[in-house]
Amino acid sequence: MRGPATAPPAPVGHRRPLRAAVPLASAALLLSLLGAAPAHPVPDASARGLQQAFATAAADYHVPQSVLLAVSYLQSRWDSHGGAPSVTGGYGPMHLTDAPAALATAARSAPEHFAGEHFAGGAEDPRGDTARAALRPTAPRPAAGAPAPSAVPARLRTLPKAAELTGIPAARLRSDPAANVAGGAALLAAAQKELGGPASADPADWYSAVARFSGADDTATAAAYADDVYDVLRTGEERVTDDGQLVTLAARPGPVPDAGRLRRAGLRTLPADGTECPRSVSCTSVPAPYEEFGDNDYGNHDLGDRPASQQIKYIVIHDTEGAWEGVMNLIQDPTYVSWNYTIRSTDGLIAQHVKTKDVAWHAGNWDVNARSIGIEHEGFLAAPDAWYTEEMYRSSARLVRYLARTYGIPLDRQHILGHDNVPGPTASTVPGMHTDPGPYWDWRHYFRLLGRPLGRTAGPHSGVLTVLPDYDANRPVYTGCTAKGEPCPAHGSGEVRLYTDHDENAPLVKDIGLKTDPTDGVNDLSSRVSTGQQYAVAGRWGDWTAIWYLGQKAWFLDPAGQRTAVPARGLVVTPREGLASVPVYGRAYPEKAAYPAGVPAQPVVPLPYTIPAGQRYVTGDEMPGEYYYAVTFTPEAHRVVVGEDRYYEIQYGHRVAFVRAADVTVEDGTAAGRAGR
0 MRGPATAPPA PVGHRRPLRA AVPLASAALL LSLLGAAPAH PVPDASARGL
50 QQAFATAAAD YHVPQSVLLA VSYLQSRWDS HGGAPSVTGG YGPMHLTDAP
100 AALATAARSA PEHFAGEHFA GGAEDPRGDT ARAALRPTAP RPAAGAPAPS
150 AVPARLRTLP KAAELTGIPA ARLRSDPAAN VAGGAALLAA AQKELGGPAS
200 ADPADWYSAV ARFSGADDTA TAAAYADDVY DVLRTGEERV TDDGQLVTLA
250 ARPGPVPDAG RLRRAGLRTL PADGTECPRS VSCTSVPAPY EEFGDNDYGN
300 HDLGDRPASQ QIKYIVIHDT EGAWEGVMNL IQDPTYVSWN YTIRSTDGLI
350 AQHVKTKDVA WHAGNWDVNA RSIGIEHEGF LAAPDAWYTE EMYRSSARLV
400 RYLARTYGIP LDRQHILGHD NVPGPTASTV PGMHTDPGPY WDWRHYFRLL
450 GRPLGRTAGP HSGVLTVLPD YDANRPVYTG CTAKGEPCPA HGSGEVRLYT
500 DHDENAPLVK DIGLKTDPTD GVNDLSSRVS TGQQYAVAGR WGDWTAIWYL
550 GQKAWFLDPA GQRTAVPARG LVVTPREGLA SVPVYGRAYP EKAAYPAGVP
600 AQPVVPLPYT IPAGQRYVTG DEMPGEYYYA VTFTPEAHRV VVGEDRYYEI
650 QYGHRVAFVR AADVTVEDGT AAGRAGR
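Note that numbering that gives the first Met the number 0 numbers the sequence shown so that position 102 is 101, with each residue one more than the last.
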């Protein structure tokens with residue numbers, strides 16, 4: 000849902016303001032954006048180590064240490080985030096939530112932002128169909144002021160309860176990782192007692208308490224969360240945290256959890272009828288309305304018959320730029336836009352809104368909409384410390400694996416797209432295309448969870464590479480996370496900056512479609528590549544590697560001791576012999592002759608880009624030119640038009656694009672264009 004790449008640093012752009020995008024998320028965002036310091040200085044927990052903090056808390060509250068470690072890993076991957084809150088106001092390794100306090104702090108610190116100015120409207124038409132008028136609905140801004148604690152869901156205020164159980168001040172629970180771990184242990188112990196469980200050393204006896212710890216108020220979500228914790232227990236994990244500490248959880252094969260007490264927890268049952276989700280997640284139905292309104296208008300999606308009528312080729316990853324409750328309000332507004340699924344941060348609950356057979360209005364490009372499924376994730380692009388939870392990543396990965404298997408979608412970065420990888424369908428739309436989920440979405444970790452870990456797939460002299468920086472160590476400077484345009488908080492990133500020469504003092508690569516000079520803005524995609532994307536090698540110079548990018552040679556730092564990219568296999572396209580250049584398209588539409596009577600032909604218009612002779616671009620797919628004509632409420636007049644022209648999808652810049660098969664030659668990129676150091 001992120002705003003246009005050309006939006007000024009302040010206010011941060013967004014598709015359009017979320018209706019009461021529930022100020023809870025604003026709080027977490029604003030705290031991180033404003034760099035608000037904890038009320039108490041962070042004690043030196045590292046003196047004894049976070050691993051020891053888990054051991055101490057486990058002993059003090061009679062919780063198995065392995066259970067405490069597994070729960071914390073699922074909450075935060077053991078990171079402390081410097082005391083900054085998550086998107087839902089969760090703090091520390093245990094993700095103890097204190098949304099009301101976070102919101103109040105944000106309101107006091109920056110009332111002018113709290114009123115909602117950072118939810119400025121974006122320029123993108125989410126439907127992206129030039130056969131219809133641009134869709135630009137508006138929604139009210141979030142109201143100022145902190146809500147009463149009673150209005151905040153219990154899952155967003157676990158930290159005050161931990162303070163009550165432990166006697167540790169809330170401010171210290173937010174800022175001190177060791178205290179935070181103790182608070183989490185106290186909550187687990189309290190849940191075990193409330194459910195009538197023993198203070199057992201056997202992890203299998205703690206399943207129901209773990210489920211309750213999730214904060215979910217329904218049985219299916221609580222159980223899905225607990226199942227993930229026990230998966231972590233079985234497989235084990237080892238990781239260096241964001242503050243440099245090694246934490247280890249040894250694998251424990253075979254604990255068979257006792258789920259009996261969960262049935263007595265009094266949790267509700269969510270409506271899941273008709274949802275399209277794997278059994279390994281919790282999924283509920285929150286339907287997006289298909290209704291007529293106004294003057295022959297309707298919303299908020301189009302009926303379809305996929306995959307019988309048209310193949311589903313893409314899954315598009317978005318972030319919501321708002322919190323769960325507000326997003327659920329928006330999706331039920333027929334005058335707004337739509338997407339297929341939303342995933343909740345705290346516990347990974349999935350809500351399905353639009354059937355996969357139907358076409359949601361989410362990507363800003365009708366061709367991509369008609370061939371894709373859109374998934375929103377509760378989060379913010381420009382808030383690096385308003386972090387995504389591990390449970391949301393895992394729930395999303397399970398859903399994407401299921402959808403990819405069901406519809407035959409390859410698990411690679413030319414089919415699993417970010418909203419920021421979707422091309423503008425026409426030249427005029429390029430500047431307004433959205434930029435979420437942005438540089439702080441961890442694609443490397445996500446693909447590991449998808450079961451397709453990214454890595455080297457070719458020898459050292461391959462002409463193709465995969466962008467693969469170390470997310471935690473890769474920390475480029477971004478601006479535009481605050482109204483003042485200050486540098487964003489230092490944070491890991493999955494994106495790499497590109498220069499016009501092998502020198503960090505050289506100008507950044509320019510995207511001519513944006514018609515602005517490139518910047519280091521968090522929303523400026525003109526000179527950035529993202530983890531998992533593949534490009535053809537254009538040259539090497541010492542510690543620098545060049546790729547073909549947006550019709551030009553672009554350089555990035557790629558030192559031998561800390562590679563930013565790895566050799567890969569892949570096919571590339573290059574202009575056919577005799578052509579000085581070939582046009583690049585933002586949509587793969589059929590030729591005019593393919594349209595039947597009654598269906599207006601859509602123009603095949605190139606973007607302001609070309610591929611000059613001698614340049615190569617990695618291709619991820621070949622497809623026919625197609626157009627889904629759906630401009631009426633009743634589907635009888637809907638038609639899928641398929642042409643004779645075929646297209647290749649290519650990784651052209653930060654976004655994908657299309658070229659006509661008739662214009663290019665396909666080569667083995669592993670051998671093509673080799674460039675020695």
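Some clues are possibly wrong.
No farther apart than 30 Å at their CA atoms in a straight line, the calculated lysine-lysine pairs in the BS3-like style are these [stated by the list, open to error]:
no.: 1; residue 1: K591; residue 2: K356
no.: 2; residue 1: K192; residue 2: K160
no.: 3; residue 1: K509; residue 2: K552
no.: 4; residue 1: K514; residue 2: K552
no.: 5; residue 1: K552; residue 2: K591
Pairwise CB distance ranges (calculated) [said to hold, decoys possible]:
no.: 6; residue 1: G265; residue 2: S427; range: 26 to 34 Å
no.: 7; residue 1: P286; residue 2: A249; range: 40 to 48 Å
no.: 8; residue 1: T456; residue 2: E635; range: 44 to 52 Å
no.: 9; residue 1: R233; residue 2: R645; range: 40 to 48 Å
no.: 10; residue 1: K552; residue 2: S427; range: 34 to 42 Å
no.: 11; residue 1: P475; residue 2: P611; range: 26 to 34 Å
no.: 12; residue 1: A612; residue 2: K591; range: 23 to 31 Å
no.: 13; residue 1: E621; residue 2: H460; range: 57 to 65 Å
no.: 14; residue 1: R575; residue 2: G484; range: 23 to 31 Å
no.: 15; residue 1: P286; residue 2: T631; range: 19 to 27 Å
no.: 16; residue 1: K483; residue 2: E635; range: 48 to 56 Å
For the record, the hints were derived by calculation from the structure and aren't laboratory data.
Since this is a predicted model, take the numbers as computed values, not measurements.
Beta carbons are placed, not taken as given, at the ideal position from N, Cα and C, and that holds for glycine.
Okay, the hints, checked on the actual structure:
no.: 1; hint: K591 / K356; in the structure: 26 Å, holds
no.: 2; hint: K192 / K160; in the structure: 15 Å, holds
no.: 3; hint: K509 / K552; in the structure: 11 Å, holds
no.: 4; hint: K514 / K552; in the structure: 19 Å, holds
no.: 5; hint: K552 / K591; in the structure: 34 Å, violated
no.: 6; hint: G265 / S427: 26 to 34 Å; in the structure: 55 Å, violated
no.: 7; hint: P286 / A249: 40 to 48 Å; in the structure: 45 Å, holds
no.: 8; hint: T456 / E635: 44 to 52 Å; in the structure: 47 Å, holds
no.: 9; hint: R233 / R645: 40 to 48 Å; in the structure: 46 Å, holds
no.: 10; hint: K552 / S427: 34 to 42 Å; in the structure: 27 Å, violated
no.: 11; hint: P475 / P611: 26 to 34 Å; in the structure: 28 Å, holds
no.: 12; hint: A612 / K591: 23 to 31 Å; in the structure: 27 Å, holds
no.: 13; hint: E621 / H460: 57 to 65 Å; in the structure: 26 Å, violated
no.: 14; hint: R575 / G484: 23 to 31 Å; in the structure: 46 Å, violated
no.: 15; hint: P286 / T631: 19 to 27 Å; in the structure: 21 Å, holds
no.: 16; hint: K483 / E635: 48 to 56 Å; in the structure: 54 Å, holds
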